[in-house]
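**Student:** Listed below are the residues making up each chain.
Protein chains: 2
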Amino acid sequence: MSNYRLKIQYDGTRYHGWQKQKSGSDTIQGKIEAVLSRLCGQDVEVCGAGRTDAGVHAECQVANFHMEEAWEPAELFRRMNEYLPNDIRIMKVEQAGERFHSRLNATGKVYEYHLLKKDCYDVFARKYSWQMDKSLDISCMRRAADILLGQHDFKGFCTKASKKKSTVRRIDAIEIRETERDIFLRFTGNGFLYNMVRILTGTLVEIGEGVRPVESIQEILDAGDRRLAGETAPAQGLILREVRYD
Amino acid sequence: MSNYRLKIQYDGTRYHGWQKQKSGSDTIQGKIEAVLSRLCGQDVEVCGAGRTDAGVHAECQVANFHMEEAWEPAELFRRMNEYLPNDIRIMKVEQAGERFHSRLNATGKVYEYHLLKKDCYDVFARKYSWQMDKSLDISCMRRAADILLGQHDFKGFCTKASKKKSTVRRIDAIEIRETERDIFLRFTGNGFLYNMVRILTGTLVEIGEGVRPVESIQEILDAGDRRLAGETAPAQGLILREVRYD
Chain V
228 MSNYRLKIQY DGTRYHGWQK QKSGSDTIQG KIEAVLSRLC GQDVEVCGAG RTDAGVHAEC
288 QVANFHMEEA WEPAELFRRM NEYLPNDIRI MKVEQAGERF HSRLNATGKV YEYHLLKKDC
348 YDVFARKYSW QMDKSLDISC MRRAADILLG QHDFKGFCTK ASKKKSTVRR IDAIEIRETE
408 RDIFLRFTGN GFLYNMVRIL TGTLVEIGEG VRPVESIQEI LDAGDRRLAG ETAPAQGLIL
468 REVRYD
Chain D
228 MSNYRLKIQY DGTRYHGWQK QKSGSDTIQG KIEAVLSRLC GQDVEVCGAG RTDAGVHAEC
288 QVANFHMEEA WEPAELFRRM NEYLPNDIRI MKVEQAGERF HSRLNATGKV YEYHLLKKDC
348 YDVFARKYSW QMDKSLDISC MRRAADILLG QHDFKGFCTK ASKKKSTVRR IDAIEIRETE
408 RDIFLRFTGN GFLYNMVRIL TGTLVEIGEG VRPVESIQEI LDAGDRRLAG ETAPAQGLIL
468 REVRYD
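So the protein sequences, as listed, match chains V and D.
Numbering of the first sequence is given in this note's numbering, commencing with residue 228 and proceeding in unit increments.
Numbering of the second sequence is given in this note's numbering, commencing with residue 228 and proceeding in unit increments.
Mixed in with the good hints there might be a few duds.
Copies of the same chain look alike in the list, so a pair counts if it works inside one copy or between any two.
As the list claims (entries may be wrong) - The calculated BS3-like cross-link candidates involving lysine-lysine, where the alpha carbons are at most 25 Å apart (straight line), are:
1. LYS234 x LYS247
2. LYS344 x LYS319
3. LYS345 x LYS234
4. LYS344 x LYS392
No wet-lab data here; the hints were simulated from the structure.
Taking the hints into account, I'd like the entire structure generated from these sequences.
**Tutor:** In structure tokens, the structure reads:
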């Protein structure tokens, strides 16, 4: 068995997320598995580092899969891109060590959320950003972001928290970068719960709008109650930028 | 009569260009005129500075129109964007001098063509760039671009050149900017003929690929024969960046 490591870029607009679904809806994992199964004539299971939600994009998702036949990575690269739709691109195929697991071995992930400022339209970003209705106070958002740094139980910032699995994660950095038109929120951490980046973004936006105090961050962390946090920001503004390994 | 000046951004993907057509195909001008006519209850004619081809985009098109009723620019801005589809955005509405004409008064235009290098995919640029099959020699392209600078008869770089109208234009700058993934060709001039930027780009790409000598530029200029120039580059890689006025 050979183990292959993929770097994948995709526009999530027309997909029901990364993860294959029973319903047969189009998913990124489903598309890639279908192409690989067609190439090698047997079922192939592709494991992705991050299970991006429906409508979320990836600049660089990492995944791996095992195949009985040994293929040249360059040949796999060429053939996969030949058959994949043009909103999913394999950026790289590499032979990986036998035990490499894209999700379990990942030590960090970087997600970025793109906000378009009030009255700052950008037709080219319309499928990749969230248009603000109000002006945002960036300095408040930065103070709130600082409270989130470090290791915490992020149960309050998660949809459908599992009772069995840990909801403790570590956020290493939240960078808030501003241009004339845009605000980018860049989250770096050891892992993110279901909807976590979108709920963090929705909450920070409410703080920026002034409809929620900076201190509410600590209350949500303490209470672990999803109902205390802000709206889940729309999927289309979110992109998985990077998956890190040691 | 009030004269209004518009700054417009659009994604040209699903339009048959700027200019209204008899066939009733969707065009940018047609969409904007329909919205204005609906707002003020009478026919309005919108004049654009550049008649972008089908599939070409605009970061900042400039247009103007006259209306009998006097509207507040802020009100027009709001109402127009309310009714326009989300791939056409009015960026600014201003009251203009009575004699302002967006096309006749324009003194310069800046178009940019986006090439994606060989093997450098980018799903987010797929509707806004031209994917190269071969590596390009940028230094050859820059030498060829230098020959194009200044005032010339660009008849050889134009589709369906008019016999009556002048095909003399002045190119002030062609900047070729390279990133790891992209090559941007930025053309600044006093005006461009039909398909001119796309034919210039197609010709420069053939020079970059090494299938055409740098010197052929001078031959095309001298002969004024479209058949001597390169392919017309695809519309989707082109964007109107700026229209300049004194």
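**Student:** Would you mind marking each hint as holding or not holding in the structure?
**Tutor:** How the hints compare with the structure:
For a Cα distance limit of 25 Å, the shortest separation of LYS234 from LYS247 inside one copy, 18 Å, qualifies, whereas the shortest one across copies, 44 Å, does not. For the identical chains of this complex, LYS344 and LYS319 are inter-copy neighbours only, at 15 Å across copies versus 34 Å inside a copy, given an alpha-carbon limit of 25 Å. In the homo-oligomer, the alpha carbons of LYS345 and LYS234 lie at most 25 Å apart only across protomers (17 Å), although the nearest pairing inside one protomer, at 35 Å, exceeds that limit. Within a single copy, LYS344 and LYS392 get their C-alpha atoms no closer than 37 Å, and across copies no closer than 45 Å, so neither meets the 25 Å cut-off.
Violation of the numbered hints given earlier is confined to hint 4; every other hint is satisfied by the structure.
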